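Colleague: Single-letter residue listing:
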Amino acid sequence: MKLLVCIKQVPDAKDVRLDPVTNTLAREGVDSIMNPYDRHALEEAVAIREQLGGMVSVITMGPPQAEAVLREAIACGADEGVLVSDRAFAGADTWATAYTLAFAAQALGAFDLILCGKQAIDGDTAQVGPGLACRLQIPYVTCVQKTRHVSRDAIEVERMMDDGYDVVRLPLPALLTVVKDINEPRVASLKGKMKAKKATIRQLSAADIGADPLCIGLTGSPTQVVRVFSPEARGDRMMFSGNVQQQVEQLVACLKNHL
Amino acid sequence: MLIIDKEKCSGCGLCEASCAFAAIVVTDDLAVVNEACTLCGACVENCPDDALRIEVAERRIQEGLDEYAGILVFAEYRRGIVAPVSYELLGVGRRLADQRGVQLSVVIAGGDVSRHADSLIASGADIVYLAESPVLEQFHEDVHAAVLAQVIRAQKPEVVLAGATAMGRSVVPYVATVIDAGLTADCTRLEIRESDGMLLQTRPAFGGNIMATIECPHTRPQMATVRPKVMAPAQPDPSRSGSIIRLELAEEILQSRVEVLESVHNTEDQVNIQEMETLVAGGRGLDSEKGFALIRELADELGGAVAASRAAVDSGWIPYPHQVGQTGKTVAPKLYIACGISGAVQHAVGMQSAETIVAINRDQNAPIFNIATYGVVGDLYEVIPELIKRLREVKK
Amino acid sequence: MDYFFTEHQQMIIDTAREITNEKIIPVRAELDEKNEFPKEILQDIAKADLFSIFVPEEYGGFGGGCYEIVLAMEELARGCVGVATSFAASALGIFPVLIAGSDEQKQKYLPDIAAGTRWAAFGLTEANAGSDASGIQTTAVLDGDEWVLNGTKQWITNGGEAQIYTIIALTDPSKGARGASIFVVEDGDPGFSYGKKEDKMGIRSSATRELILKDCRIPKDRLVGKRGTGFITVMKTLDVSRPGIASLGIGLAQAALDEAVVYAKQRVQFGKPIIAFQAVQHMLADMAIQVEAGRALVYAAARHIDAHPKNMSKASSMCKVFATDMAMKVTTDAVQVLGGYGYMKEYPVEKMMRDAKILQIYEGTNQIQRNVIGQELNKEYS
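Protein sequence lines correspond, in order, to chains L, D and H.
So for the first sequence, the working numbering puts the first residue at 1; every next one is plus one.
So for the second sequence, the working numbering puts the first residue at 260; every next one is plus one.
So for the third sequence, the working numbering puts the first residue at 656; every next one is plus one.
Next comes chain L alone, as it looks inside the complex (with noise of 0.2 Å):
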C-alpha cells in the first residue's frame, strides 16, 4: 500500500485575531502547528499501513520552516517527508495549491490512498482535497467519519452527511478527506522523535514538478484577497449591573417577549 497524506503547518487560529483599533492582526503568541485534522489524516494512514503493509509519505506545500510539520509526521508514524517549497508557490489560493500537490504527488510516483484533513483551520475552506482529486482523476469522497473497510483493491468508508452518514465503497487508487471523529490520533514516540530528527526531508521546487509558473501562488491564483478587517460589533448592546440576583432579575424583564 502506498499512502500520500498531504498536511499543513497552520498557525494556531484560536489565538489569532484582529484588533479591531489598529486593524492589526494580534499574533503574540500565536504556534505554528499542524493542521489538527491532518493529524487525523495521518494517524489513519499509518492504521491502514500497519494493516496492510506499505509506506505512508507526507507532504506539504510551504515556507522552509514547514519542515517542522514533516518531522513531527515522521515522529506520528510516517516514513517519510516531502516539502514542495518555492518562493513562486507563496499567495497560492486553493485552486493553484490543489495544481501544486497535484503535480509534486506525480512526481512522487503513483500512490494508492491519499488522504487529506477536511480542511485547514486558517482558511477553513474544504477545498484542496478535492481539487486535488479532480487534478489526479481518482475518485474521492470527504468528510469521512471512519474507515469501515480497507484492501489493497477498495476500501469502504462512512461518509458524514449533515443529515446522518452514507456508507460507500471506492475502488483504488482514491482520495479521502477526513473529519475528527475518523480517530484518536496517537502522541509520537520516542523512537519515532528520533527517527524524525535523523530524517532527511525531500525538496521539491516548482522546477523539480515541473508545474507550469502560471498555475502556481499568487500569480496561479484564480481568487484574490482585497480586503482583510474585523467582524463588526453589534450595537444595541446592554450590560446588566448588581449581584446575580438583581442581573438575572432585570433579564427576565428583558426576556418576557421570548416566554
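Note that these hints are calculated values from the structure, not bench results.
A few of these clues could be false.
[Stated by the list, open to error] DSS-like mimics (lysine-lysine), calculated; alpha carbons at most 25 Å apart, straight line:
no.: 1; chain 1: D; residue 1: Lys-549; chain 2: H; residue 2: Lys-763
no.: 2; chain 1: D; residue 1: Lys-265; chain 2: L; residue 2: Lys-146
no.: 3; chain 1: H; residue 1: Lys-852; chain 2: L; residue 2: Lys-191
[Said to hold, decoys possible] One side of the interface only, derived from the structure: several residues of chain H facing chain D at Cβ under 10 Å:
no.: 4; residue: Pro-681
no.: 5; residue: Val-682
no.: 6; residue: Ala-684
no.: 7; residue: Glu-685
no.: 8; residue: Lys-694
no.: 9; residue: Ile-754
no.: 10; residue: Gln-921
no.: 11; residue: Lys-965
no.: 12; residue: Tyr-996
no.: 13; residue: Glu-1001
no.: 14; residue: Tyr-1002
The model shown is predicted, which means the values in this text are computed figures rather than measured ones.
Cβ coordinates follow ideal geometry from the N, Cα and C atoms, glycine included.
Place chains D and H on chain L using the hints.
Modeller: For chains D and H alone, kept in the frame of chain L given last:
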C-alpha cells in the same frame, strides 16, 4: 512578490504586527520579508507609509470573460426534499441577478425532481435545469460534479452559488478545478461592485477571527459557497413564471466510481439545532461535562435545545452535532443564550444573526459581550440556577 | 527552573507531557469516578515507547536510569496519579528481574515490558506484613522441577491487570528474612488467581487487588536470583523505585499549584481577583517554593542513585518523604485556595488531595523512610 520601498518604510513595525506568519520583521528600522510570506496582503493594508506592495509579474488570464452572463444556483436535493439553503441561495441570487440585469437559473439533480421546479421558480429562478436519473437520488460526488460542470460549460454563468453543506463543499471545489475557476468557501456576504460588476465575496478567515473580502478578477464563473442560515430565503411568489429545461445526460457521466452501499439518517440526537427558536449554548467556562446538565435544564425550561462552542465539543463534553460556529453549524434562533462562551469570532459567525443574544460570562471583558443583546457578568453556576428559579416563578 | 536536561531527557518529558495533556487529563475525572483501570492510556503510553525507558538497550529499551523514570512519572502524575501509579507499578514489578534475574529471564520478560505489551506487578505486601515486610507468610516449596507457592498477597497494584508478577515468598521459613526468595508468577499459572478489587479513597483508576496462590505450581527456573536473597533484592528494588514515588508527588503538587494559580487569577471577590490579596499570594508562593525544592531534591537523589548504585538508601528515602509530605500539603492548600469550589468534584483539586494521601503510605510509609534515614545517619557518624 512583496516589494518593500526602502525610501518610504519608516520601520514603524505595524506590518510585523499584522503578519500572521511572522514573515515580515523590522530590523534596523526597515521591514524585511522572509520566506514564510504567503502574499496574503495583510501588511500592505496596514502600512501607513504606503511602503509595501505585492507585485505579480504575470497573471493567468482567461480569454472571453465577457461571454459569461447570468447567475446559476446549485440546488441541493436529498431524501425527497430540497434543502432550505437552496432557497436562501435563490434569495441572494435574485438580488445579484437584478443588480446585474441578468437571469437567475438553478440546477437541481435527483431521481425525480421535476415536482420541485415550481417552488424554485416561485422563489426567484428564471430557468430551472432538471438533471434526473436514479443514480442522482443518492449523492455521488463525481456524477453530481459532472452534471454541474456540464451546465456551467453550456450556460457560461458569471456567478455560481452553492450551499456550504456536506454536498456543496464536496462537489463545488471539484467543479472549480474541472473548469479552472476561482471559488470562495463559506461566504457570509455577497455583493456586486458597481464600477465593474465584480462579485465581492466576504468570508471569515483564521477560524473566523478575521473577515476577508475576495474577488476573482481574471476567471469566470466566479464561484462561491454560502453557509446555510446566513442569507434570508426568498419570499416565494407563486405567480412568477420561468422555464424548465430537462438536461440531456450522457450515459458516461452517470457512471459513478463511488458506490453508495447504505444511507443512514441520524436517529440519535434528532434535534437539529438549526431548526430551534431557542438555544442555550455552553462553552469552555462550564469547566466540565457536568455543566451541560445545567445548560440542558435551562434549555428545557425555555423549550429550546442545547448548543455548544467548539471548545466544549473539542473537550468531548458534548457531541459535534451541537457545535455552533465556523466549523460547526450556523444558527439563527430567536433567542440564543451563551453560557461560559468567550465569543471568539469563530463562534460568533455561527450565531450572530440570532435575534436576541444573552451572554453569561464571568469575564466582563469577554468578546461575547460585544455581540450580546443582554450581558450578565457572573459565574454561570450561580447565574443559571437563579435564572431557572426566576423563570419558574414567572411561569407560576 | 532550568535543570539542563539532555536532549534525550527533554524528549522523554515532552512525550510524557503529550500523553498527559491529550490522553489523561480529558478522562481522569471519569476514570476516578468509575474506578476504571486506564488500559487504553497504558496502551498509548506503550505506543509512545515510555515503558522502554527503564529497560536496558540490549533488551529493546532505551537504557535510562532512575532520573529518566522520575522525569516521565512526574509528567504523568501531573495528569493523574492513578494512571502514573499503574505505570510505576509495572516498573516496580520488573525491577527484581532487572536487578537479580538471569539473562534467560531478562530475555524472556524485558522485551515485552519495554514494548508495553505485558505489564508487571510487585507482590510483597500481605495482611500481616506491611511496614514489617519480614512478617510474610507466603511459602514456596520445591517439588521436583516445580516450585509450589501458597499464600495471599494484599493490595497489589496492577493485580488482575498485569501479566507478570514478582512474588516474594519464604523458601526457608526458619531463617526468617534470610529465607525469602523472589519468583515470577505469570497470569494463567495453575493455582494463581485474583481476589477482591479494593475500593479506594484516591488513585481510583489504579487496580489494587489480592493475589491468591493456592498450590500454585511454576517451573523451577522462575526463581529470581539465588535462593534466600529475596529480601536483599526487595530492598534494592525499593531503593530504586522510591524516587519514582517522590516524582509522583512533584507532578501532583505542580498540577495542584497550576490549578490554584489559574483559579486565583480569575476568581473575583471584593471586586478583585483573589490573587491580588496577599493572603492568597503568600499561600501560592509557599506552594511554589515547596514544589521547586521537592523537585530539586528528587532530581538530585535520582542522579545520585544512577551514579552510586551501592549507596542509595538515604537519598532514596529522603526524597520520598519530602516530596510526598509536600504533595499532601500543597494539594490541601490548593483546595483551600479554591475554597468551596475546591471541595467540589467539578474542580480537579479535590481528586488531587485524595490522590496525595497514598503517596505518604505506599512503597514504605514515610515513618519507615525516616527510620531508614535515621539508621543511615547512625551508621555514618559511627
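Colleague: Run through the hints listed earlier and report the numbers of any the structure violates, in increasing order.
Modeller: Result: hints 1, 2, 3, 8, 9, 11 break, sorted rising.
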